Structure formats: C-alpha cells, structure tokens
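> If you read the sequences in order, they're chains A and B. In terms of my numbering, the first sequence opens at residue 1 and continues consecutively. In terms of my numbering, the second sequence opens at residue 1 and continues consecutively.
Honestly, the hints are just simulated from the structure, not real lab data. Quick caveat, the model's predicted, so the values are computed rather than measured. Glycine included, C-beta positions come from ideal geometry on N, C-alpha and C. Fair warning: there could be bad hints in the mix.
Unchecked claim - Think about it this way: if two alpha-carbon atoms lie no more than 20 Å apart in a straight line, the pair counts; the simulated SDA-like pairs of lysine to any residue are:
hint, chain 1, residue 1, chain 2, residue 2
1, B, Lys139, B, His79
2, B, Lys139, A, Asp3
3, B, Lys107, B, Glu162
4, B, Lys107, B, His79
5, B, Lys139, B, Ala165
6, B, Lys107, A, Glu11
7, B, Lys139, A, Glu9
8, B, Lys107, B, Gln97
9, B, Lys107, A, Asp3
10, B, Lys139, A, Val80
11, B, Lys107, A, Val80
12, B, Lys139, B, Pro155
13, B, Lys139, A, Asp94
14, B, Lys107, A, Leu92
15, B, Lys139, B, Ser94
16, B, Lys107, A, Arg95
17, B, Lys107, A, Met1
18, B, Lys107, A, Trp5
19, B, Lys107, B, Trp96
20, B, Lys139, B, Gly187
21, B, Lys107, B, Glu125
22, B, Lys139, A, Leu84
23, B, Lys107, A, Met8
24, B, Lys139, B, Asp156
25, B, Lys107, B, Val180
26, B, Lys107, A, Glu9
27, B, Lys139, B, Lys107
28, B, Lys107, B, Pro155
29, B, Lys107, A, Gly81
To be verified - Distance windows between CB atoms, simulated:
hint, chain 1, residue 1, chain 2, residue 2, range
30, A, Leu184, B, His195, 27 to 33 Å
31, A, His82, B, Ile291, 24 to 30 Å
32, B, Asn86, A, Leu26, 30 to 36 Å
33, A, Ser93, B, Ser58, 54 to 60 Å
34, B, Thr71, A, Val201, 34 to 40 Å
35, B, Ala198, A, Ala219, 50 to 56 Å
36, A, Leu190, B, Asn86, 43 to 49 Å
Said to hold, decoys possible - Which bits of chain A does chain B cover? Going by a derived footprint, with three or more residues having C-beta under 8 Å, they are:
hint, stretch
37, 3-11
38, 108-119
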Amino acid sequence: MHDLWTMMEKEFAELRGNRRFLWVFLFAVLAMGVLPSLTFAHHHGQLGAMGTIFLVLYVLFATVIVVANTAPDLVLHERVGHTLDYLLTTRLSDRAIFGAKVATAAIVGYMAAMLAIAVQLVAAAFLSGSGLHWLFLGQPGGRIIAFGVTAGLSLYVAVIGTFVALRVGEQRAAYMVTILSVGLLVVPFLAGWLHLSLTTVWIGHAAEWLGIIALGLGAIGLRLFRRDMLVLYLQE
Amino acid sequence: MEQAAIECRGVARRFGTRTAVSDLDLTVPRGGVFGFLGPNGAGKTTTVRMLVGMLRPSAGTIRVLGHDPLTDGEWVRGHSGVMLDNVGLYDRLSAWQNLLFAARVAKLSASEGSQRMETVLRRVELWDRRFDRVSGFSKGMRQKLGLARALIAEPDLLILDEPTAGLDPANIVMVRELLVSLAGDSGHSIFLCTHLLAEAQRICDQVAIIQNGRILAVGDPNRLGGQGMPTVRLTLTGVNAEDLAHIAIPLHVELRRVEGRDWRAVVATDEDTEQLVAALVNAGVGVRAVIPEDVSLEEEYLRLVGGEDHA
Numbered sequence: 001m002h003d004l005w006t007m008m009e010k011e012f013a014e015l016r017g018n019r020r021f022l023w024v025f026l027f028a029v030l031a032m033g034v035l036p037s038l039t040f041a042h043h044h045g046q047l048g049a050m051g052t053i054f055l056v057l058y059v060l061f062a063t064v065i066v067v068a069n070t071a072p073d074l075v076l077h078e079r080v081g082h083t084l085d086y087l088l089t090t091r092l093s094d095r096a097i098f099g100a101k102v103a104t105a106a107i108v109g110y111m112a113a114m115l116a117i118a119v120q121l122v123a124a125a126f127l128s129g130s131g132l133h134w135l136f137l138g139q140p141g142g143r144i145i146a147f148g149v150t151a152g153l154s155l156y157v158a159v160i161g162t163f164v165a166l167r168v169g170e171q172r173a174a175y176m177v178t179i180l181s182v183g184l185l186v187v188p189f190l191a192g193w194l195h196l197s198l199t200t201v202w203i204g205h206a207a208e209w210l211g212i213i214a215l216g217l218g219a220i221g222l223r224l225f226r227r228d229m230l231v232l233y234l235q236e
Numbered sequence: 001m002e003q004a005a006i007e008c009r010g011v012a013r014r015f016g017t018r019t020a021v022s023d024l025d026l027t028v029p030r031g032g033v034f035g036f037l038g039p040n041g042a043g044k045t046t047t048v049r050m051l052v053g054m055l056r057p058s059a060g061t062i063r064v065l066g067h068d069p070l071t072d073g074e075w076v077r078g079h080s081g082v083m084l085d086n087v088g089l090y091d092r093l094s095a096w097q098n099l100l101f102a103a104r105v106a107k108l109s110a111s112e113g114s115q116r117m118e119t120v121l122r123r124v125e126l127w128d129r130r131f132d133r134v135s136g137f138s139k140g141m142r143q144k145l146g147l148a149r150a151l152i153a154e155p156d157l158l159i160l161d162e163p164t165a166g167l168d169p170a171n172i173v174m175v176r177e178l179l180v181s182l183a184g185d186s187g188h189s190i191f192l193c194t195h196l197l198a199e200a201q202r203i204c205d206q207v208a209i210i211q212n213g214r215i216l217a218v219g220d221p222n223r224l225g226g227q228g229m230p231t232v233r234l235t236l237t238g239v240n241a242e243d244l245a246h247i248a249i250p251l252h253v254e255l256r257r258v259e260g261r262d263w264r265a266v267v268a269t270d271e272d273t274e275q276l277v278a279a280l281v282n283a284g285v286g287v288r289a290v291i292p293e294d295v296s297l298e299e300e301y302l303r304l305v306g307g308e309d310h311a
C-alpha cells in the first residue's frame, strides 16, 4: 500500500501541474454541470420522470471526458519523458505503478462527476429556485446512476485507458481506443443480449457489474503485463 | 569470498534477428569504479537494462550483488541507484518533489529523506534551485539532479549511463570528484557507462570495452593498451607494414601503427625492445626515436573499435 500511495501522490502532484488536464477537467465540470440545468429550465421543469433521469447522462459524459483524457496521458507522459524507464529501474512493483495510474484516473473522473452534480444543483437553484428535488437526484435510480454507475464507469475507462496507452504510444490513438471501449458497452444492448431498464434494481446491478468487469479487466491486464516486455514497446 | 557487484556469464540478448549483446562475460568487483565503454549501439544500454531486470536475457546468467535481477528484481533495484542515459525527470514537478518521490520510493523516513535530499542537492550544487520546476532546468542541471536521485538512498551499487553528458567542464570535475569519493570513502560500487575516455582513464579502476555486443577488452585503463605489458613508441622511416611483420613476428613482438611514422610495440622486457631495435636497424629501417610509454585509453579504444594497421 505504501508504494501505491507514493505513486498516487506523485500522480496527483503531476496533474496539478498539467494545464491541459486542468482545462479538460474544468470544461467537463462546468459544461456538464450547467447544460442539464439549462435543458431543464428550457422545458420549464416539465421533462417528466424519464426525461429527468436522462439528464444524469451529462454526469456520465463528464466522467468519460475526464478519464479518457487522463488515463492515457498518465502513461504516455511518462513514456515520452522517459520517466517510465526510471520507474522501471526502481523497486516499485508493476502493480503499484499501474494500479496507481488506474486509481488516480478513476478518482479524478469520479471527482469530475461529483463536481458536475454540484454545479448542476447550484445552476438549478439559480434557474428554477430549487435543486435536489427537481433533478435526477430526487429519484433512487438517478442517485444510483449518479453515484454508482459513475464509479464503475470511471474505473472501467481508467483500466482500458491505462493499458491501451502502455501498448499504443500515441495520445490521439490511445484516446480513440479508450472512447471506443465506452461505445462497446452499448453493443450487448444493440445485439439484444441485454435489455435496458431504468428500474432501481436493474440500474443497481448494472453499476455492480460495471465495477466487477473493470476490476476483472484490471486484474487480467496486470497478470498479462510483463515489465521486460514493456521496454520493447518503449523502444518501438 | 566477497561476491562481485555484478557477474555476467554468457549473457546474450537478441531482438528478433538482431543481436544486441552476445556472450557477455563480465565481473565487476565490489567497491571502485568500473567503466563500460563503447560506441553508440554497442550494447551498453541493453546491458544496463538487463542488469536491473528491465530486460530478460536471451541466454546466460546475471547476478547483481549476488541476486538474479529477474527473480529478485525488487531486491536488486532496491539496492541499486540507476541513472539512465535519458535521465527521466518529472518536468511538472520541482527538483525537491522529484527527490521526495525517490526518497519515498526508497522507503526513507520523512526526516531521513529530508536530510538525504539536502545532502545530495548540496553535493550537486542544486540546493538553491530546489523549488524550481525541472522543466526550466538546463541539460546539465537535469544530469546533476538525475545523479542526486540515484544517490538518494545511498545504494550499494550505482549504475550510471553517461552521467557527465551535457555538463560543462567545471561540473564534469565536480561529478568526477563525487564519483571518486563515493567509490573511495563510501565504498560504493559504480558501474559507469561513458564516452569520455580520458575521464574513464582518470577515475576507473577497471574498464571493459564493448562493441557490437561483444566485450573486446577488460582491464586496468592505464595498462589496457598492452594488456598489462609495457609498450614503446617507435618513430620509423623507410619501412612498410609488410616488412615490419617479417621483422616483428619472429621476435614475438606485436607492432601496430599509431599514426604516420609512429608505431607502437608491445614488449615484455627491455631486452625485447633492444632486440627489436637491433633487428630493425639490421633490416635497414631508420629508427628515429624509441620512447617507453603508457598507451592512452583513447588510443587503445580507437584501435579496438576502429582498427589500426597491424604488423
């Protein structure tokens, strides 16, 4: 745990000095925070239960935007600056190095989502005079998506983004593949293997399964990862 | 018997059809500075990466401080300070933050870490710039900070790849003195990859020259030219390499051209020198000068990796 914390401290210190990350984070929080409130106000608060719950998608967008940018960048910045070579010469384990990157990206994605919700509440209060009750937070399903699915999605995108960036050495390509992985989540629904439901129980299970899949992918990634193979990728 | 700092036996590393390192046999004793010399692409960096377990050898065995870097990688890396040719510093962090991270990785306590950070930063003369972001550092400052980071945990073994690259002469002297004091007073083992041959000759106790992944010579940098035997420099006129070969071979003396009319002979004794000079004079060769010498490492290096006329 000491090594994981040490790495995470370093990652957060680096993010604080990363202007590009700060802009993406700020944009995601403000845009995804204000837009749903504007939408709601435009419809004079008459979206209905289904319409209201779809506003939570903005929170998920905020998560995806931030994590899909951050996770590959945490790895690619180290590749370009040769600090990944340095890390590999230290006593840090592979699990600490890449576990910290996944955890950091997932945490900032979740933070972006929570801050976007806070902005939504403030904007909603200004636009309609009330907050909590007329947004999706007033419904159990909405709350599970906002706090549960967001967490699972953060972790899922962080895992994919980190391990894709280890193999794909270019920022744009890594970002595209990471975004594509989010699109893949829709495939089971389009193929008819799963049926979308907005019941509280279904959404709860979806959040759990997303988290389990993310953890499983992370475990497989670390299992397949070989320190001595990474050097070969870095040489490419 | 004390274990060697580094021991490689029959180590090879292939990348597809290309062989980066071949049949590497190397023993680096504990304490002192061991120079690892070779041109670009000779296999130095690949060797360093195998030493710290970043690369798996295709063949052979490696022991670093008595441990296998592949199976005991964490132990080996925990007891080694490594500075690669690309120093790899965190540009978005300050010098202090870079070292703080290294100190935490080395599991130093907060007080011990602060003390060590101050010591190494003062040693490389970066104490006044400790809170500056590394992105604003010159190449030389980055090199010095990389060296400071490698030293932070006072490792048993230092593996340094071109630590003086990009440094001005004053800083080269500073780093040289630092390495000598680390190897001498503190008893560290230093594995030094360098292109600066004069520097290697001055501070290394032993050197190995590698080219195309193969070790060409190992030994005392001041005696490497004659592989431990004295040499004389001869200025000769009226002679060619073929004639000299006929004269030198029966005497079991190796003669090679240094430049122009100057030749170098590896001789076992003063009697050999006298016999050689007598044979040359008898053959009608003009012997203008006979000067006993120590061959510079640079000359020997160039001979080994570049080639000279042999007689």
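> Each hint: holds or not?
Hints and how they fare:
For the suggested pair Lys139(B) and His79(B), the alpha carbons sit about 27 Å apart, so the restraint of at most 20 Å is broken. As the CA atoms of Lys139(B) and Asp3(A) are separated by approximately 29 Å, the hinted pair breaks the 20 Å bound. Distance restraint check for Lys107(B) and Glu162(B): the Cα-Cα separation of roughly 27 Å exceeds the 20 Å cut-off, and the hinted pair is therefore not satisfied. For the given pair, Lys107(B) sits about 12 Å from His79(B) by alpha-carbon distance, which is consistent with the 20 Å threshold.
Note on Lys139(B) and Ala165(B): the hinted pairing holds, with a Cα-Cα distance of about 8 Å set against a maximum of 20 Å. Simply put, Lys107(B) and Glu11(A) have alpha-carbon atoms about 18 Å apart, close enough for the 20 Å limit, and the pair holds. A C-alpha spacing of about 26 Å is found between Lys139(B) and Glu9(A), which places the hinted pair above 20 Å, so the restraint is violated. With a CA separation close to 15 Å, the supplied pair Lys107(B) and Gln97(B) stays within the 20 Å bound.
Under the criterion of a C-alpha separation no larger than 20 Å, the hint pairing Lys107(B) with Asp3(A) is consistent with the structure, at around 9 Å. For the given pair, Lys139(B) sits about 16 Å from Val80(A) by alpha-carbon distance, which is consistent with the 20 Å threshold. At most 20 Å may separate the alpha-carbon atoms for a hinted pair to count; Lys107(B) and Val80(A) exceed this at roughly 27 Å. About 24 Å separates the Cα atoms of Lys139(B) and Pro155(B), which puts this hinted pair outside 20 Å; it is violated.
Taking the CA atoms of Lys139(B) and Asp94(A), the gap is about 29 Å. The hint is violated against a cut of 20 Å. With a C-alpha separation of about 10 Å, the suggested pair Lys107(B) and Leu92(A) falls inside the 20 Å cut-off, and the hint holds. About 15 Å separates the Cα atoms of Lys139(B) and Ser94(B), which keeps this hinted pair within 20 Å; it holds. A C-alpha spacing of about 17 Å is found between Lys107(B) and Arg95(A), which places the hinted pair at or below 20 Å, so the restraint holds.
As the CA atoms of Lys107(B) and Met1(A) are separated by approximately 12 Å, the hinted pair is consistent with the 20 Å bound. Of the supplied pair hints, the one linking Lys107(B) and Trp5(A) holds, its CA atoms being roughly 12 Å apart against a limit of 20 Å. A C-alpha spacing of about 16 Å is found between Lys107(B) and Trp96(B), which places the hinted pair at or below 20 Å, so the restraint holds. Note on Lys139(B) and Gly187(B): the hinted pairing is violated, with a Cα-Cα distance of about 29 Å set against a maximum of 20 Å.
Simply put, Lys107(B) and Glu125(B) have alpha-carbon atoms about 24 Å apart, too far for the 20 Å limit, and the pair is violated. For a cut-off of 20 Å, the pair hint linking Lys139(B) to Leu84(A) stands: about 19 Å separates their Cα positions. Our distance criterion of 20 Å between C-alpha atoms is met by Lys107(B) and Met8(A), whose separation comes to about 15 Å. Proximity of Lys139(B) to Asp156(B) is assessed by CA-CA distance (about 27 Å); at most 20 Å being required, the pair is judged violated.
Proposed proximity of Lys107(B) and Val180(B) is contradicted: the alpha carbons are some 27 Å apart, above 20 Å. Note on Lys107(B) and Glu9(A): the hinted pairing holds, with a Cα-Cα distance of about 14 Å set against a maximum of 20 Å. Straight-line distance between C-alpha atoms of Lys139(B) and Lys107(B) comes to about 28 Å, which puts the hinted pair past the 20 Å bound. A distance of roughly 13 Å separates the Cα atoms of Lys107(B) and Pro155(B); the hinted pair therefore holds under the 20 Å criterion.
With a C-alpha separation of about 24 Å, the suggested pair Lys107(B) and Gly81(A) falls outside the 20 Å cut-off, and the hint is violated. For the pair Leu184(A) and His195(B), the supplied restraint of 27 to 33 Å is violated, since their beta-carbon distance comes to about 50 Å. At about 47 Å, the beta-carbon gap between His82(A) and Ile291(B) misses the expected band of 24 to 30 Å. One distance hint, 30 to 36 Å for the beta-carbon pair Asn86(B) and Leu26(A), holds here, with the actual separation near 32 Å.
Ser93(A) and Ser58(B) have their C-beta atoms about 25 Å apart, which leaves the hinted 54 to 60 Å range violated. Thr71(B) and Val201(A) have their C-beta atoms about 49 Å apart, which leaves the hinted 34 to 40 Å range violated. A C-beta distance of roughly 53 Å is found between Ala198(B) and Ala219(A), which places it inside the suggested range of 50 to 56 Å. Distance hint check for Leu190(A) and Asn86(B): the Cβ-Cβ separation is about 46 Å, which falls inside the suggested range of 43 to 49 Å.
Given as covered by chain B, the stretch 3-11 of chain A passes the check, having 4 residues with a CB less than 8 Å from a CB of that chain where 3 are the minimum. Counting residues of the stretch 108-119 of chain A whose beta carbon lies closer than 8 Å to any beta carbon of chain B gives 0, which falls short of the minimum of three for the stated coverage.
The structure is inconsistent with the numbered hints 1, 2, 3, 7, 11, 12, 13, 20, 21, 24, 25, 27, 29, 30, 31, 33, 34, 38, although it conforms to all the rest.
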